[in-house]
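A.B. asks: Sequence:
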Amino acid sequence: MKKTTIYSGSTIFLRMAVSAIGLGVLALCVYLLPIMWAEAYREWPQHGYAVRAVVVAMYVSTVPFYLGIYKGWRILDAIDAGKAFSAQVTAALRVISYAAASISLVCTLSLPFFYIWAQHVDAPGLMVIGMFLVGMPLIISVAVGILQRLLAEAVHMKSENELTV
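At position 2 of the sequence shown (counting the first as 1) the number is 2 in the working numbering, and the numbers step up by one without a gap.
Read the hints as simulated data drawn from the structure, not as lab findings. Treat the hints with care, since some could be wrong.
[What the hints assert, rightly or not] When the alpha-carbon atoms are kept at most 30 Å apart in a straight line, the in silico BS3-like pairs for lysine-lysine are as follows:
| id | residue 1 | residue 2 |
| --- | --- | --- |
| 1 | K158 | K83 |
| 2 | K71 | K83 |
| 3 | K158 | K71 |
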């Protein structure tokens with residue numbers, strides 16, 4: 001019989017949220033990005049390469065995104081098992097932080113292509129979207145990194161307290 005904890009209700013909600021976010025990004029990759037890819041040269045024959053570079057960057061950034069989703073799911077498993085303060089969760093948070101930083105890096109590398117695309121279609125809002133795609137993962141990476149360090153200290157203190165007689 002599976003051990004239930006006090007956190008099971010909140011982890012169910014978080015699992016649903018993580019699943020919805022993962023499915024939303026999958027839908028974006030399956031439906032919207034192929035349309036952008038196909039219409040890039042038809043709509044903008046001289047600058048279609050910029051749109052395609054942005055689409056490639058979005059596809060590349062899904063790899064660390066889904067790695068972060070998987071590690072988040074593993075953290076929820078650890079919370080359900082009553083092991084929220086463990087080295088396993090600390091390592092998973094570190095991976096999530098690195099994944100978010102790599103998403104930010106990929107989006108940073110695509111910013112020149114956002115600029116070319118925005119200049120050609122005269123839509124400065126595209127640059128705002130590009131900078132948002134750089135900034136949000138960076139903020140998440142820093143916040144998760146801080147949380148990971150705090151959790152590492154808590155795990156260290158917990159292990160010291162267990163050794164105290």
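A.B. asks: Is the Cα-Cα distance between K158 and K83 30 Å or less?
C.D. replies: holds, 12 Å
A.B. asks: Assess, step by step, whether the Cα of K158 is no farther than 30 Å from the Cα of K71, and give holds or violated.
C.D. replies: holds, 23 Å
A.B. asks: Between K71 and K83, does the CA-CA distance stay at or below 30 Å?
C.D. replies: holds, 15 Å
Comparing the model with each earlier hint shows no violations; every hint is respected.
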